[in-house]
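Novice: What follows is each chain in one-letter form.
There are 2 protein chains.
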Amino acid sequence: MKAQKIINEKQNEMNGVNVDELFNTIDSVKKAPVIAKFKFRANNQWIDGGHNRTTIRDFYGIQKDHRHEATFKLDADEPPLLLGTGKGPNPVEYLLTALAACVTTSLVYHAAAKGIMLKSVESRLEGDIDLQGFLGISKDVRKGYQEIRIYFKIDADVPEEQLEELVQLGPTYSPVFDSITKGVPVSVQLEK
Amino acid sequence: MKAQKIINEKQNEMNGVNVDELFNTIDSVKKAPVIAKFKFRANNQWIDGGHNRTTIRDFYGIQKDHRHEATFKLDADEPPLLLGTGKGPNPVEYLLTALAACVTTSLVYHAAAKGIMLKSVESRLEGDIDLQGFLGISKDVRKGYQEIRIYFKIDADVPEEQLEELVQLGPTYSPVFDSITKGVPVSVQLEK
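Chains F and B are the protein sequences, given in the same order. Residues in the first sequence are numbered consecutively from 11, following my numbering. Residues in the second sequence are numbered consecutively from 11, following my numbering.
Be careful, since some hints might not be right.
Same chains, same label: a pair holds when it works inside one copy or across any pair of copies.
With a cut-off of at most 25 Å between alpha-carbon atoms, the simulated BS3-like pairs for lysine-lysine come out as follows [to be verified]:
| # | residue 1 | residue 2 |
| --- | --- | --- |
| 1 | K47 | K202 |
| 2 | K192 | K47 |
| 3 | K83 | K129 |
| 4 | K83 | K192 |
| 5 | K129 | K149 |
| 6 | K97 | K129 |
| 7 | K163 | K129 |
| 8 | K202 | K129 |
| 9 | K124 | K40 |
| 10 | K40 | K83 |
| 11 | K47 | K74 |
| 12 | K202 | K40 |
| 13 | K83 | K163 |
| 14 | K74 | K49 |
| 15 | K41 | K124 |
| 16 | K40 | K163 |
Hints listed in this document are in silico derivations from the structure and should not be mistaken for laboratory results.
Given only the sequences and the hints, what does the whole structure look like? Please build it.
Specialist: Given below as structure tokens:
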């Protein structure tokens, strides 16, 4: 990211992001990279059938634990068609939510750092899953998403021809996009 | 999955999953694999800064579109430490939510199919991210999760030594686990 002239100088804000703080953060991390090591956490409790609840309470960063101001509770369930009771989005819909939110936030923060004012950002996502995988019917069919497509509509203070470049800021910097497209090692252990 | 004797014969339910319906679904898919092709969808709207909202409304499966009984709205935001206003979990926390929910549901459904009664299933997840990646400070540091760890506590109607086998049903069949560990192609397009 390169510092550029901030439009809203009074608040040093661009796209709702405090750009002074963003550049201060970058400077601090350059001096002491250890503060950039974060750990994010979730707790899940099974309720019944396809219904379970995830609690998001705290995380680690800048060398210490932090508690969120609010504790977030997220219910997941399957729709009746997939033998659930529809008490929440299902897990693969939460995956699309993570991806949509992250690509958007990454676009917004990096546009702010470049001094590009966004007026609106909307996206729609669609992903293909063949349930033969999950149901254990065919070993040749993968259990996860085969492909995910993201379609953005962006209104921003740049010439039309720069919109293509702008939209790529999201996937270029997004931690969830990187995680999902490149894969992450995940270990599963039983705690006694 | 192999059919086994159902314990709760009155409702044909195990772990809150209607096992008759589950086996009927498997039989139907074996006869007409096309019905197993699903498309899941999400719409996202940027609000301000790190705050955006995902709407989950409909999906495609069994050769037609379905509307969820309720429309789900999921707010994502960054905590103040990451220059947000804390109005929701952040995107990488949503990714852990998707993973926790999916591994749990997969375990529950496949245990039900095997006739194994679960009493309780809890998990905690932790994932490591080095923000030097997102901030564009170092190209050698990946932007996404470097590793995710899941710790399960399970109480089930099986001998202690079979718990290790049981816990592996989750990651073995989970679509989100498969997506995150093996990676998914994601395309990003601008819509005019």
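Novice: For each hint, tell me whether it holds in the structure or not.
Specialist: Status of the hints after comparison with the structure:
In this assembly of identical chains, K47 and K202 lie within 25 Å of each other by CA distance neither inside one copy nor across copies; the values are 29 Å within and 38 Å between. Taking CA atoms no more than 25 Å apart as the test, K192 paired with K47 passes in both settings, with 20 Å inside one copy and 24 Å between copies. In this assembly of identical chains, the alpha carbons of K83 and K129 lie at most 25 Å apart only when taken from different copies (22 Å versus 31 Å within one copy). Taking the shortest Cα distances, K83 and K192 never come within 25 Å of each other, neither inside one copy (28 Å) nor across copies (28 Å).
Taking the shortest alpha-carbon separations for K129 and K149, neither the intra-copy value of 46 Å nor the inter-copy value of 30 Å comes in at or below 25 Å. Within a single copy, K97 and K129 get their C-alpha atoms only as close as 34 Å, which misses the 25 Å cut-off; across copies the closest is 20 Å, which meets it. For a Cα distance limit of 25 Å, the shortest separation of K163 from K129 inside one copy, 11 Å, qualifies, whereas the shortest one across copies, 46 Å, does not. In this assembly of identical chains, K202 and K129 lie within 25 Å of each other by CA distance solely across copies; the values are 15 Å between and 52 Å within a copy.
Within a single copy, K124 and K40 get their C-alpha atoms as close as 19 Å, which meets the 25 Å cut-off; across copies the closest is 53 Å, which misses it. In this assembly of identical chains, the alpha carbons of K40 and K83 never lie at most 25 Å apart, being 35 Å within a copy and 37 Å across copies at closest. For the identical chains of this complex, K47 and K74 are intra-copy neighbours only, at 10 Å inside a copy versus 45 Å across copies, given an alpha-carbon limit of 25 Å. For the identical chains of this complex, K202 and K40 are neighbours neither inside a copy (41 Å) nor across copies (38 Å), given an alpha-carbon limit of 25 Å.
Within a single copy, K83 and K163 get their C-alpha atoms only as close as 30 Å, which misses the 25 Å cut-off; across copies the closest is 19 Å, which meets it. In this assembly of identical chains, the alpha carbons of K74 and K49 lie at most 25 Å apart only when taken from the same copy (10 Å versus 41 Å across copies). In this assembly of identical chains, the alpha carbons of K41 and K124 lie at most 25 Å apart only when taken from the same copy (22 Å versus 55 Å across copies). For the identical chains of this complex, K40 and K163 are neighbours neither inside a copy (34 Å) nor across copies (40 Å), given an alpha-carbon limit of 25 Å.
Hint compliance for this structure: hints 1, 4, 5, 10, 12, 16 are not met, and every other hint is.
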